[in-house]
Amino acid sequence: MPIAFEQVNYIYAPKTPFEYEALKRIDLAIELNKITAIIGPTGSGKSTLVQHLNALLLPSSGTIYVLDREIVANQKNKDLKSLRKKVGLVFQFPEYQLFEETIIKDVMFGPLNFKVTDEEARQKAMKALAMVGLDPSYYERSPLDISGGQKRRVAIAGILAIDPDVLVLDEPTAGLDPQGAKSMMELFVELNRTHHKTILIVTHDMDHVLNYCDNVVVMKKGEILTHQQVNDFFFKGEDVLDIEMALPQRLKFTEALRAKGFKLTDKIRNVQELALSIKKEISHE
Amino acid sequence: MNNIALGRYLPLNSIIHKMDPRYKLLSMLILMVTIFLPSGYIGYVIIGVFVLLALLLAKLNFTMIFKAMKPMLFMLVFLTFVNALVLRTGYVLVDVLGFKIYSDAIFRTLYITVRLLLMIMVTTILTASTKPLDLTLAIEDLLSPFKRFGFPAHEIAMMISIALRFIPTLIDETNRIMKAQASRGVDLKEGNFKEKIVAILSLIVPLFVSSFQRAEELADAMEARGYVPSATRTRYKQLVHGLKDYIMLGSVILLLGVIIWLSL
Chain U
1 MPIAFEQVNY IYAPKTPFEY EALKRIDLAI ELNKITAIIG PTGSGKSTLV QHLNALLLPS
61 SGTIYVLDRE IVANQKNKDL KSLRKKVGLV FQFPEYQLFE ETIIKDVMFG PLNFKVTDEE
121 ARQKAMKALA MVGLDPSYYE RSPLDISGGQ KRRVAIAGIL AIDPDVLVLD EPTAGLDPQG
181 AKSMMELFVE LNRTHHKTIL IVTHDMDHVL NYCDNVVVMK KGEILTHQQV NDFFFKGEDV
241 LDIEMALPQR LKFTEALRAK GFKLTDKIRN VQELALSIKK EISHE
Chain D
1 MNNIALGRYL PLNSIIHKMD PRYKLLSMLI LMVTIFLPSG YIGYVIIGVF VLLALLLAKL
61 NFTMIFKAMK PMLFMLVFLT FVNALVLRTG YVLVDVLGFK IYSDAIFRTL YITVRLLLMI
121 MVTTILTAST KPLDLTLAIE DLLSPFKRFG FPAHEIAMMI SIALRFIPTL IDETNRIMKA
181 QASRGVDLKE GNFKEKIVAI LSLIVPLFVS SFQRAEELAD AMEARGYVPS ATRTRYKQLV
241 HGLKDYIMLG SVILLLGVII WLSL
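Residue numbers (my numbering), protein chains in the order written: chain U, 1 to 285; chain D, 1 to 264.
By construction, these hints were calculated from the structure, which means they are not laboratory data.
Bear in mind the structure is a predicted one, so any value in this text is a computation, not a measurement.
You may find that some hints are simply not true.
As the list claims (entries may be wrong) - Sample of chain U residues facing chain D (criterion: CB under 8 Å; computed from the structure):
id	residue
1	81
2	84
3	91
4	96
5	99
6	113
Even for Gly, the Cβ is constructed at its ideal location relative to N, Cα and C.
Isolated chain U (complex conformation) (with noise of 0.2 Å):
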């Protein structure tokens, strides 16, 4: 069974003054095994969104499909945390959920919660950290005494070590420094392509959506305006201009020598691609 979202509303603080339609019957399918962004402006309901993938959000109407669960609204959800095991989400700025005294145990929480033994949970928590780049020598240190970058790969390594099939993101780069960032990327494209784990990204970083994921949704005030492939979505590009979002640097940079008279291929996927076109079009002249 895939993800799926039918006619899902969500409504904030119902009858208050403070009610607020976050989601608006949204229909939406998620590949499984590739990576998906999800973009749009503050306050598009990304964040909403997401957290209904593991049920720490129930629909106020509509039904969602995850896996082999079903959700629907206005019924009693039983064991959901059956379905937080299969579907892993990563809160933006992670680091405040960190409270052991060591970084191994602070890892092994999550597997321990999932009624696993102590070593296995050791097992699946060294693995993790390997993941994520942190080295034995940081096992027995406090969660608390390291940087912020490492603080967020502790705080993600804690979601793998639960070993989910889903990978939820949210805003996962946000405030680490570009090369913090970029390794961060490749962490989850190397997750999705050698542990086949189905990843969802929110993310304000369009270079990101183009460089690194498959697939791209893009939400506007509790609704999905496009959904489609990451090359579709740049290359036939009506819909970019729309979100007030910047364009990836490549695309800009492409543009703009477009603009000075420069003859490029149509689609350019990667640096090297808009080098050589670069460099075909010099050489002509």
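Given the coordinates of chain U, work out where chain D should sit on it, guided by the hints.
Relative to the frame of chain U, chain D by itself:
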């Protein structure tokens, strides 16, 4: 966490909302005294009508008051029970197998219920119609005469307003951490005692860490802008009072007079 009705500001557009917070605070204090005077049935009917009128003027919903009353329900049941056991005056109301419940037990409980209800209504009107920051300004102004005796009116008002300012932030933070830990398999409802302790720890520790961080950042930000607690300063927000405020305070004082006269 999101349905705390007690003490929450509701942004409505009513005459009570527009009144001077100093007068509102004073009026509330006087009303509190009035409610606690032993004025008998007629007195409580008069106060009740007065408070209901204020509730209507503030455009507040009666269901809100009931929501705020809910946590008190247990207390009231307990009180009825104790009163029924202890009070042995008045006439016998019911006689269950030799156990007598006296009329005074019921009346006394009713008395306390009415007082509690009125008190909650009065405080709800104040907090729902006044922004927390305006309220602290009012507290500062009303306490400022004591400054000459070395009473730190401004500092206390500042502390209160900072505390109030961070309540919603901390509620949001708590929600966020709860959700983040729920994603890691924490279940606050199920599990044995030890698991529950760990679950609560996983919430409390991050909350403490971030609160201290926030406090430090705020202190730095205030110092960077040259904040000195005891310095004299002007205010951007000026509290203005007018005819409607005098009328409100006047009518509350009149009510107090009537109730004092009734309870003599």
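Per the CB criterion, is residue 96(U) less than 8 Å away from chain D?
5 Å, holds
Restraint check, 8 Å cut-off on beta carbons, for residue 99(U) near chain D:
4 Å, holds
Return the status of the interface hint for residue 91(U): holds when the least beta-carbon distance to chain D is below 8 Å, violated otherwise.
5 Å, holds
Taking 8 Å as the limit, does the beta-carbon of residue 113(U) come near enough to a beta-carbon in chain D?
Interface hint status for residue 113(U): holds (3 Å vs cutoff 8 Å).
Given residue 84(U) was flagged as interface, is its beta-carbon under 8 Å from a beta-carbon of chain D?
Because about 6 Å separates residue 84(U) from the closest Cβ in chain D, which is inside the 8 Å limit, the hint holds.
Interface hint outcome for residue 81(U) [beta carbon to chain D under 8 Å]:
6 Å, holds
Consistency with the previously given hints is maintained throughout, with no hint failing.
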